[in-house]
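Novice: Place chain U on chain G using the hints.
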Amino acid sequence: GQQLNQSPQSMFIQEGEDVSMNCTSSSIFNTWLWYKQDPGEGPVLLIALYKAGELTSNGRLTAQFGITRKDSFLNISASIPSDVGIYFCAGSPWTQGAQKLVFGQGTRLTINP
Amino acid sequence: DSGVTQTPKHLITATGQRVTLRCSPRSGDLSVYWYQQSLDQGLQFLIQYYNGEERAKGNILERFSAQQFPDLHSELNLSSLELGDSALYFCASGEETQYFGPGTRLLVL
Chain G
184 GQQLNQSPQS MFIQEGEDVS MNCTSSSIFN TWLWYKQDPG EGPVLLIALY KAGELTSNGR
244 LTAQFGITRK DSFLNISASI PSDVGIYFCA GSPWTQGAQK LVFGQGTRLT INP
Chain U
20 DSGVTQTPKH LITATGQRVT LRCSPRSGDL SVYWYQQSLD QGLQFLIQYY NGEERAKGNI
80 LERFSAQQFP DLHSELNLSS LELGDSALYF CASGEETQYF GPGTRLLVL
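Chains G and U, in that order, are what the protein sequence lines are. Everything in the first sequence is counted per the working numbering, starting at 184 for the first residue and increasing by one. Everything in the second sequence is counted per the working numbering, starting at 20 for the first residue and increasing by one.
Hints listed in this document are in silico derivations from the structure and should not be mistaken for laboratory results. In this text, a Cβ means the ideal position worked out from N, Cα and C, and glycines have one as well. Honestly, I wouldn't trust all of these hints.
Quick list of the computed label-pair ranges, beta carbon to beta carbon [claimed, not checked]:
id	chain 1	residue 1	chain 2	residue 2	range
1	U	HIS92	G	TYR233	21 to 29 angstroms
2	G	THR293	U	ASN78	24 to 32 angstroms
3	G	PRO264	U	SER57	24 to 32 angstroms
4	U	GLN86	G	ASN295	42 to 50 angstroms
Lysine-lysine pairs mimicking BS3-like chemistry, simulated, CA-CA at most 27 angstroms apart [said to hold, decoys possible]:
id	chain 1	residue 1	chain 2	residue 2
5	G	LYS253	U	LYS76
6	G	LYS253	G	LYS234
7	U	LYS76	U	LYS28
8	U	LYS76	G	LYS234
Extracted from the complex, chain G is given alone in its bound form (with noise of 0.2 angstroms):
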């Protein structure tokens, strides 16, 4: 089946710090999404990318679609310690309607102060 690779799994930075995680498909998507989860918490939609080659800003937040179809970045610029949480992407293999999210295993973001 689809696979997203995300990495890196975790990351432990210093607050002011910028943050980069990507992931990578075996096969193309049609829609990034890149979430943030809190502990119990549903994920957060931040960024939500739907052409080949686009680059968004959200924020303090920039995440881009490859040319490729087969991977996407999150950046997240001088970090604040409400950035801590789980960073998930998603990408959407979309097939006649179906919508189904593919999710990579998350990125585990730790602020020291």
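Specialist: Below, chain U alone, put in the same frame as chain G:
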């Protein structure tokens, strides 16, 4: 707040029992998706409904079933529960972009 609501927030039950999880999508969304999140499997797609009709199926067990009603709310029914069914169950709604509810934490004892 994503606009997607789920009830109950927590559910504790015994093996062999049956439970029903409920989801109300965002206003205007016709699609509802169900996902299971466990520690060892991550977030896994279970099933999608669109305007009352099943549209896509993922790794959903035969003991599990879902439906979407005319008012577009959806229910996920889990029967003959096993210990391994303990997990977070999320509902999402939307089309190209999916918005997740707060989840139902199911504990099977």
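Novice: Need the list of violated hint numbers for this structure, in ascending order.
Specialist: none
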